[in-house]
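Visitor: One line per chain: the protein sequences are C and W, in this order.
For the first sequence, the numbering used here assigns the number 384 to the initial residue and increments by one for each residue that follows.
For the second sequence, the numbering used here assigns the number 384 to the initial residue and increments by one for each residue that follows.
These are calculated hints, taken from the structure and not from any lab test.
Among the hints, erroneous ones may be present.
The list treats identical chains as interchangeable, and a pair is accepted whether it falls inside one copy or across any two copies.
[As the list claims (entries may be wrong)] SDA-like mimics (lysine to any residue), calculated; alpha carbons at most 20 Å apart, straight line: (1) Lys658 / His557; (2) Lys658 / Leu549; (3) Lys658 / Ala556; (4) Lys712 / Gln671; (5) Lys734 / Glu687; (6) Lys712 / Asp702; (7) Lys725 / Leu630; (8) Lys655 / His557; (9) Lys658 / Leu553; (10) Lys658 / Glu562; (11) Lys631 / Ala556; (12) Lys658 / Ser563; (13) Lys480 / Pro524; (14) Lys480 / Arg455; (15) Lys655 / Gln565; (16) Lys631 / Leu415; (17) Lys658 / Gln561; (18) Lys520 / Ala703; (19) Lys658 / Glu436.
2 protein chains.
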Amino acid sequence: MTVGMAQDSLRTLIEVGQALAAERDLDRLLDLILRGVTRVVQADRSSLFLLDEARGELWTKIAQGLEGQEIRIPVGAGIAGEVAATGRLLNIAEAYKDSRFSRSADQSTGYRTRTILCVPLQTAAGRTLGVVQALNKFDGPFTREDEELLLAFAGQAAVALENATLFTNLETAHRELQESYQTTLDAMVAALDAREHETQNHSQRVARLTLHLARHVGVPVEHEMEIFRGALLHDVGKIGVPDAILLKPGPLTPEELVVMRTHPDLGYQMLKGIKFLSMAREIVWSHQEKYDGTGYPRSLRGEEIPLGARIFAVADTLDAMTHDRPYRKALSYAAARAEMIKCSGTQFDPKAVEAFLSIPEEEWAQLL
Amino acid sequence: MTVGMAQDSLRTLIEVGQALAAERDLDRLLDLILRGVTRVVQADRSSLFLLDEARGELWTKIAQGLEGQEIRIPVGAGIAGEVAATGRLLNIAEAYKDSRFSRSADQSTGYRTRTILCVPLQTAAGRTLGVVQALNKFDGPFTREDEELLLAFAGQAAVALENATLFTNLETAHRELQESYQTTLDAMVAALDAREHETQNHSQRVARLTLHLARHVGVPVEHEMEIFRGALLHDVGKIGVPDAILLKPGPLTPEELVVMRTHPDLGYQMLKGIKFLSMAREIVWSHQEKYDGTGYPRSLRGEEIPLGARIFAVADTLDAMTHDRPYRKALSYAAARAEMIKCSGTQFDPKAVEAFLSIPEEEWAQLL
Numbered sequence: 384m385t386v387g388m389a390q391d392s393l394r395t396l397i398e399v400g401q402a403l404a405a406e407r408d409l410d411r412l413l414d415l416i417l418r419g420v421t422r423v424v425q426a427d428r429s430s431l432f433l434l435d436e437a438r439g440e441l442w443t444k445i446a447q448g449l450e451g452q453e454i455r456i457p458v459g460a461g462i463a464g465e466v467a468a469t470g471r472l473l474n475i476a477e478a479y480k481d482s483r484f485s486r487s488a489d490q491s492t493g494y495r496t497r498t499i500l501c502v503p504l505q506t507a508a509g510r511t512l513g514v515v516q517a518l519n520k521f522d523g524p525f526t527r528e529d530e531e532l533l534l535a536f537a538g539q540a541a542v543a544l545e546n547a548t549l550f551t552n553l554e555t556a557h558r559e560l561q562e563s564y565q566t567t568l569d570a571m572v573a574a575l576d577a578r579e580h581e582t583q584n585h586s587q588r589v590a591r592l593t594l595h596l597a598r599h600v601g602v603p604v605e606h607e608m609e610i611f612r613g614a615l616l617h618d619v620g621k622i623g624v625p626d627a628i629l630l631k632p633g634p635l636t637p638e639e640l641v642v643m644r645t646h647p648d649l650g651y652q653m654l655k656g657i658k659f660l661s662m663a664r665e666i667v668w669s670h671q672e673k674y675d676g677t678g679y680p681r682s683l684r685g686e687e688i689p690l691g692a693r694i695f696a697v698a699d700t701l702d703a704m705t706h707d708r709p710y711r712k713a714l715s716y717a718a719a720r721a722e723m724i725k726c727s728g729t730q731f732d733p734k735a736v737e738a739f740l741s742i743p744e745e746e747w748a749q750l751l
Numbered sequence: 384m385t386v387g388m389a390q391d392s393l394r395t396l397i398e399v400g401q402a403l404a405a406e407r408d409l410d411r412l413l414d415l416i417l418r419g420v421t422r423v424v425q426a427d428r429s430s431l432f433l434l435d436e437a438r439g440e441l442w443t444k445i446a447q448g449l450e451g452q453e454i455r456i457p458v459g460a461g462i463a464g465e466v467a468a469t470g471r472l473l474n475i476a477e478a479y480k481d482s483r484f485s486r487s488a489d490q491s492t493g494y495r496t497r498t499i500l501c502v503p504l505q506t507a508a509g510r511t512l513g514v515v516q517a518l519n520k521f522d523g524p525f526t527r528e529d530e531e532l533l534l535a536f537a538g539q540a541a542v543a544l545e546n547a548t549l550f551t552n553l554e555t556a557h558r559e560l561q562e563s564y565q566t567t568l569d570a571m572v573a574a575l576d577a578r579e580h581e582t583q584n585h586s587q588r589v590a591r592l593t594l595h596l597a598r599h600v601g602v603p604v605e606h607e608m609e610i611f612r613g614a615l616l617h618d619v620g621k622i623g624v625p626d627a628i629l630l631k632p633g634p635l636t637p638e639e640l641v642v643m644r645t646h647p648d649l650g651y652q653m654l655k656g657i658k659f660l661s662m663a664r665e666i667v668w669s670h671q672e673k674y675d676g677t678g679y680p681r682s683l684r685g686e687e688i689p690l691g692a693r694i695f696a697v698a699d700t701l702d703a704m705t706h707d708r709p710y711r712k713a714l715s716y717a718a719a720r721a722e723m724i725k726c727s728g729t730q731f732d733p734k735a736v737e738a739f740l741s742i743p744e745e746e747w748a749q750l751l
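Please construct the entire structure, taking both the sequences and the accompanying hints into account.
Guide: This is the structure:
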C-alpha cells in the first residue's frame with residue numbers, strides 16, 4: 384500500500400474482513416463479499432466471478448441485478464476476463480468508452496454502468512480464484528485509495544473463499560463416506576439375513592424393536608442411533624461361521640459351539656476403531672451375554688453388560704419367539720410375555736422386561 | 384474503537400490478520416498469533432492460554448521462555464484467569480505491585496515482567512476461546528491504542544483459531560473414518576477367505592499379484608491403490624452365497640450356478656456410493672468377465688472390461704493354478720505359464736498376459 388487511506392476505511396476493512404473469516408457457508412460468504420465490495424469502496428453495485436480453471440472460464444450466479452442467471456466469460460475476454468488473466472486490477476472511468484466493456488449485462492437489466500473497479504481475488508500463495516468488481520462509485524471515479532482498499536479486501540475475501548471451499552468439500556466428503564459406510568454395513572446385514580433366516584429382515588426388525596424398547600427404558604436421545612446400529616449389526620461376525628454350523632437344525636456339538644461363539648468377538652473386531660460405532664460395537668460384542676452371567680463371550684453379569692445389549696437381548700428373544708423357526712411354530716404374544724416374565728432377572732435385565740411389559744399388546748402388533 | 388490508531392498499526396493488523404486467516408495448521412497458527420501479539424503492540428514477549436471448558440482451566444504450552452512446559456490456571460485466578468472469566472481486558476502498568484500477578488513464571492525463567500496487556504480471545508459470536516497477553520512494551524506502559532489494537536487482533540486470532548480447530552477436527556475424523564472403513568473391509572475379506580479357502584489369505588495374495596502385474600502393464604501410479612483394493616474385495620459379494628454352493632466340491636447345478644453368479648453384482652451393490660472405492664467397485668463387478676465376452680455378469684468383452692479387472696483375471700487364475708485345491712494339486716510355474724499363453728486373447732487380455740510373461744520366474748516365486 385503506497386497511498387494514504389483514511390482510518391475509517393481501514394477500520395471498515397478490519398471489521399468486514401473478520402466477518403468474512405468467520406463465515407464457512409459458501410453461499411452466505413459470497414453474499415457477504417458482494418456487500419463488502421460496495422461498502423468498502425462506496426459503490427452502487429458489485430459482482431463476483433469465480434475462475435473455472437478446467438474450462439478456462441469465469442462464471443457467476445451472483446452479480447447484483449442479475450440474480451439467478453449464470454454468466455460465463457472466457458478468461459482473457461472483457462474487463463473481468465482481462466483481470467483474471469493478468470492478475471492486475473482495472474480502474475475504468477467511463478465504461479461505455481472502453482472497448483473491453485460488454486454492454487450485454489446492462490442491456491438485459493436496464494442498468495447503466497458508468498465506472499468500474501475490477502480486482503483479482505488472489506490468495507496469499509498467489510492463486511487467482513476469480514475477480515470482484517465494484518460498479519458506479521457514488522461520488523466521481525474510483526480513486527487510488529479505492530484501488531488499494533479493494534485489493535486488500537479482495538485478499539481477505541480470497542482467503543475466506545479458500546477456507547470455506549476446503550471446509551465445504553471436506554464436510555461433503557465426510558458425509559458421503561459416512562453414508563457409504565452405512566450402505567456397506569446395511570448390505571452386509573441384508574446378505575447375512577438372507578443366508579441365515581427364512582424370515583428375512585430379522586436384523587432390521589430387531590433393530591426397530593430394540594429402539595422402541597430403549598425409548599421406554601429412557602435411554603438418552605443421543606444414544607438412540609448407536610443402539611439401533613448395534614442391534615442392526617449384532618450378528619455381523621457370523622460372516623466367519625460356516626453354514627454347516629450356522630444353519631444346523633439340531634443341537635451343535637461342543638466343537639461347533641466353540642466356532643459359533645466366536646461371532647460376537649469377530650463382529651467386535653470388524654467394527655474396531657470406528658468412532659461413530661463405538662457404542663454399537665459394544666452391543667455387538669455383548670449381545671449374547673445374559674443378565675445372570677451365564678452368557679458369552681465374556682460371561683458379563685448385570686450392569687457390566689452395556690445397557691444397549693441388555694435391551695437388545697429382550698428384543699431379540701421376543702422376535703425369535705414370535706416368528707416361525709424350522710423346528711417350531713411362532714409363539715403367541717401371551718406365551719412370549721409369560722416367558723419374558725419368567726426370565727426376568729436371569730436371562731434379562733428386569734428394567735428391560737419392565738419396559739416391554741409397559742407397552743400394550745396392540746403396539747407390539749405393529750412392530751413384530 | 385474509540386481512540387485514534389495510527390495508519391501503520393491498522394495496516395499491520397490487516398496484514399497479520401490475513402496471514403492468520405490463511406493458516407489452517409493449529410501449531411503454526413498458535414505460533415503466528417504469539418508473534419503477531421508482540422508485533423502489533425510492540426512488546427517484548429507474549430503468551431497464549433486456551434480455555435479448557437470441561438475443567439474450567441486455562442492451559443498453555445507456548446508461553447515464550449517457557450517452551451515445552453504446560454501451565455494450567457483455574458479460570459478466575461490471576462490476571463489471565465480474570466480476563467477469561469470476565470471477558471474484559473486488563474492493562475497492568477506494574478506487574479509486581481498487582482496482587483493478581485503470579486511471580487512463579489518469572490522465578491522459573493529468570494525473566495522480569497514489568498507491564499502486561501491481557502485480552503480475551505473472543506469469537507464474533509462472543510465465545511471466549513482463551514486469552515493472549517503481551518509482556519513488557521518496549522517504550523513505557525501499554526496505551527489505549529494498544530488496548531484497541533490487541534483487542535482487534537485477538538478477534539482475528541479467535542476466528543482463525545476456531546476455523547483451524549474445526550478444520551483439524553474434521554480432517555482427523557475423516558482420516559479415522561477412512562481407516563475404520565478399511566479395517567471393516569479387511570475384516571470382511573479375512574472372514575470370507577477363512578470360510579472359502581483351505582489356503583488362507585487368498586484375497587491378500589491375489590491383491591498383491593494384481594498390483595505387481597498392474598505396475599508392469601504401466602497403470603498410472605494414482606490408480607494402483609484402487610486396483611489393489613478392488614482385487615482385495617473381489618469376492619466380497621460371496622457373503623450372500625450359501626456354503627452348500629460356495630464350498631461344493633463337484634460341479635454346480637444350473638440353479639446353483641445362478642446363485643453363485645450373483646456375487647459380483649452383490650459385491651458391487653455393497654460398495655456402491657463409496658467415492659474412494661469407485662474404481663475398486665468396478666473391478667469387483669467385472670472380475671468374472673472374460674476377454675472374449677464369455678464371462679459374467681454382463682458378458683463384457685475386450686476393452687469394455689475395466690483394465691484393473693482384466694489384470695486381476697490373470698492374477699486370480701495364476702494364484703488358483705499354483706495352489707492346491709481339494710480336487711487337484713498345485714500346477715508348476717511352467718504349466719501355469721503354458722496355460723496363460725494358451726488363454727491369451729480368449730480368457731485373458733494379451734496385454735496382461737504379456738506383463739506376466741515379462742516377469743522372470745524367480746520374481747514370481749516371491750509372490751505366489
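Visitor: Next step is simple, just say for each hint if it's right about the structure.
Guide: These are the hints, each one checked on the structure:
| no. | hint | verdict |
| --- | --- | --- |
| 1 | Lys658 / His557 | both (13 Å within a copy, 10 Å between copies) |
| 2 | Lys658 / Leu549 | between (23 Å within a copy, 17 Å between copies) |
| 3 | Lys658 / Ala556 | both (17 Å within a copy, 8 Å between copies) |
| 4 | Lys712 / Gln671 | neither (23 Å within a copy, 42 Å between copies) |
| 5 | Lys734 / Glu687 | within (14 Å within a copy, 60 Å between copies) |
| 6 | Lys712 / Asp702 | within (13 Å within a copy, 47 Å between copies) |
| 7 | Lys725 / Leu630 | neither (28 Å within a copy, 42 Å between copies) |
| 8 | Lys655 / His557 | both (19 Å within a copy, 16 Å between copies) |
| 9 | Lys658 / Leu553 | both (18 Å within a copy, 13 Å between copies) |
| 10 | Lys658 / Glu562 | both (15 Å within a copy, 11 Å between copies) |
| 11 | Lys631 / Ala556 | neither (43 Å within a copy, 42 Å between copies) |
| 12 | Lys658 / Ser563 | both (15 Å within a copy, 8 Å between copies) |
| 13 | Lys480 / Pro524 | within (14 Å within a copy, 57 Å between copies) |
| 14 | Lys480 / Arg455 | neither (23 Å within a copy, 66 Å between copies) |
| 15 | Lys655 / Gln565 | both (15 Å within a copy, 11 Å between copies) |
| 16 | Lys631 / Leu415 | neither (67 Å within a copy, 67 Å between copies) |
| 17 | Lys658 / Gln561 | both (11 Å within a copy, 11 Å between copies) |
| 18 | Lys520 / Ala703 | neither (77 Å within a copy, 76 Å between copies) |
| 19 | Lys658 / Glu436 | neither (37 Å within a copy, 23 Å between copies) |
In the structure shown, a violation is registered for the earlier hints numbered 4, 7, 11, 14, 16, 18 and 19, in ascending order.
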